[in-house]
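Asker: Take a look at the letters that make up each chain.
There are 2 protein chains.
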Amino acid sequence: MFSARLYAGSLRSLRPAGTFLRHLSTTKVCLGRAVVYANNGDPSSVLSVVSYPPVPSTPPPNSINIKFILSPINPADINVIEGVYPSKPTKTDALTTQGLGSEGKPVFIGGNEGLAQVTAVGQGTANSLKVGDWVIITKQQAGTWMSERNILAQDVARVPQASKLQEDQAATLTVNPPTAYNMLHDFVRLKEGDWVIQNGANSAVGQAVIQIAAAEKINTINLVRSRDNIDQLKEQLTQLGATHVLTYDELADKSTRDKIKVWTGGKPIRLGLNCVGGKETTSMARFLGQDAHLVSYGAMSKQPLSLPTSLFIFKNLTAHGFWQSQWYKTKSAEDRDKLMEVLVGYISSGKLSTPDHEVLQIKSSQSDDEAASTIREIFKKLSEGRYGKKVLLRVD
Amino acid sequence: MFSARLYAGSLRSLRPAGTFLRHLSTTKVCLGRAVVYANNGDPSSVLSVVSYPPVPSTPPPNSINIKFILSPINPADINVIEGVYPSKPTKTDALTTQGLGSEGKPVFIGGNEGLAQVTAVGQGTANSLKVGDWVIITKQQAGTWMSERNILAQDVARVPQASKLQEDQAATLTVNPPTAYNMLHDFVRLKEGDWVIQNGANSAVGQAVIQIAAAEKINTINLVRSRDNIDQLKEQLTQLGATHVLTYDELADKSTRDKIKVWTGGKPIRLGLNCVGGKETTSMARFLGQDAHLVSYGAMSKQPLSLPTSLFIFKNLTAHGFWQSQWYKTKSAEDRDKLMEVLVGYISSGKLSTPDHEVLQIKSSQSDDEAASTIREIFKKLSEGRYGKKVLLRVD
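If you read the protein sequences in the order shown, they are chains A and B. Taken in order, the first sequence gives residues 0 to 395; the numbers are from numbering that gives the first Met the number 0. Taken in order, the second sequence gives residues 0 to 395; the numbers are from numbering that gives the first Met the number 0.
These are computed hints drawn from the structure, not numbers from a lab. Relax, there's no trap hidden among the hints.
For chains that are exact copies, the list does not tell them apart, and a pair is met inside one copy or across any two.
With a Cα cut of at most 25 Å, we get these calculated DSS-like pairs of lysine-lysine:
| # | residue 1 | residue 2 |
| --- | --- | --- |
| 1 | K380 | K87 |
| 2 | K337 | K350 |
| 3 | K301 | K278 |
| 4 | K314 | K330 |
| 5 | K278 | K314 |
| 6 | K87 | K66 |
| 7 | K87 | K314 |
| 8 | K266 | K233 |
| 9 | K87 | K260 |
| 10 | K266 | K330 |
| 11 | K258 | K314 |
| 12 | K330 | K129 |
| 13 | K138 | K314 |
| 14 | K90 | K314 |
Since the structure is predicted, the reported quantities are computational estimates derived from the model, not experimental observations.
Let's have the full structure, built from the sequences with the hints guiding it.
Answerer: Structural data, given as structure tokens:
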């Protein structure tokens, strides 16, 4: 249970210190801050920012204290806050029993992905973490939009070869690059010169797919929505390593089948990656060859996957889903570390770049209310799809 | 190539005998007969019946002569004749070079499934077939709606333990029972007491699924369309071994989820079998548990498979197709024999019965034209769905 684990050892030691803490908060020394919500709903309405007392400097056994460096805001986080995501956080009263924030009631702490630095190590932690190590949070919906916390050592993974990475690279390492890598490797054994087709190709995962495939000499056909600056987008994706980029309209054109046959030399496309759903995916699936696999990791169109049964029966199509959170749950720590090693290799050698992003800093000079309105504004823009960039949160 | 194989050795020996054969045909001795078509189209328009000269009594090396006993008419055969089925027969001129039927042009011979008896064995046949053996045709779209033919030994399989089987049981052994058996075994490792859900449960395959599952102590939830005699149908399927039978309307009822939970004791349903497509399959898929497999082998509604992407991503659903023809193509003769052994065991022990059927006999007393109009009439009724029974063709 989340609430039992968070501050597992610190709650008891803090409870009697209420008065002391209220005193602390008036003198403004080193309080932690977190982006939280008490009820599910539209993030631009339900999110607030609370201050909480410092984490005790000696972590309970098997746990560590960490200070967050950067915590991404991912599209799925919006669904989590809305309460429509299957993987749900648990409310914690660790922050609010101090009488701080949310009128003393238990709250959810926002954020799933995050890069943090170890500040203290409890006794008996198994994964030999040291103070100063960079770690990423691997426990689902643990809460990462905050300044510092105590966490079980088993719920983080050390960032391998951290010295080779920038903060933004390490902070965005957990979700999108592994999704791209695993989808390219877990379903079809691709060889150099093979072909993959994907839609939503300019998403963060899509860009990682392009780059990892290019690094492994796999060809990609990349589908994107048409837009005003389509040539610029095509150029950008081609720079990343895309073999071909097509709009959905171009894909629908009758001449495209022949064109793709020329590109591939008639080689069947055996892997399709889908984050869109709906008719765009139906069209894409028709370009898959015999014994192909269609892997879905998103449904941006909010339309169901609709596929002719004949593709399954006569072309032996197999349709799968992919969810990186589930991968982390079912794989061993060694598998996880091996994957990170590979990805860090790609990043540090310049083969895999971090998608466009900006850092949103919650400054210590801001009041909780000021910080909350900054956060809510960002989410308003994010829900409207007005943010082309990924947002990385830094909570001072 | 089909046309090269059929009568591989007999064509040459027959060609000079045209006059002789025309003479034979006027004296009506032992001509073969086949249901053929020269062009794709509605079976009730394009099918005709032709007579052809007897197959030479000595088969070419590696081939055998066979006499058909019963040849089923399956739903897919209609699609083959219409030309919309992916597995296409090849035209043969083996019958028509004799100046018989179809104005001397090459024709397709109808039929994919068939039970035949070996009447002569050529030199060097590898599978030790003997005269008198019962065989089933395993080569796709080889042509089975006929009285006799020569065929490569590799394109048939001996019916195992034939003495234990009736003609109708052996004739319907090749397509539906193996489809049911393989779908129950190839995708999920089911244990006694596990649950399977299927739609189109009263189809020939559906009935075989019910019986094989019951024999293996697997529970089935069976979905059928509502109809006037629904209680009778439910009773019939329950007699076969169905654990539960529901109409699609009953499935849609809100109380059904709880009802199924009680039935299964909360055990997740890990296998769904689909021959319908469309919204009935969407509803069914929502009852599948975590890590389930949905296997499609038909699309009777002619609607595509439409599934929420979330089932794939968050419940790790995998969607497959199954095509028995493809199974035969990719598996070894030993696999095939092993499968037949198991199925004959089920049939001979009374655990797997042949679905309702009738034998349509093309009598030697009928002229080709009379026979053709009988056949066309049957297909008219079949296309209109007015035949509740399977039709087994016997060509004298």
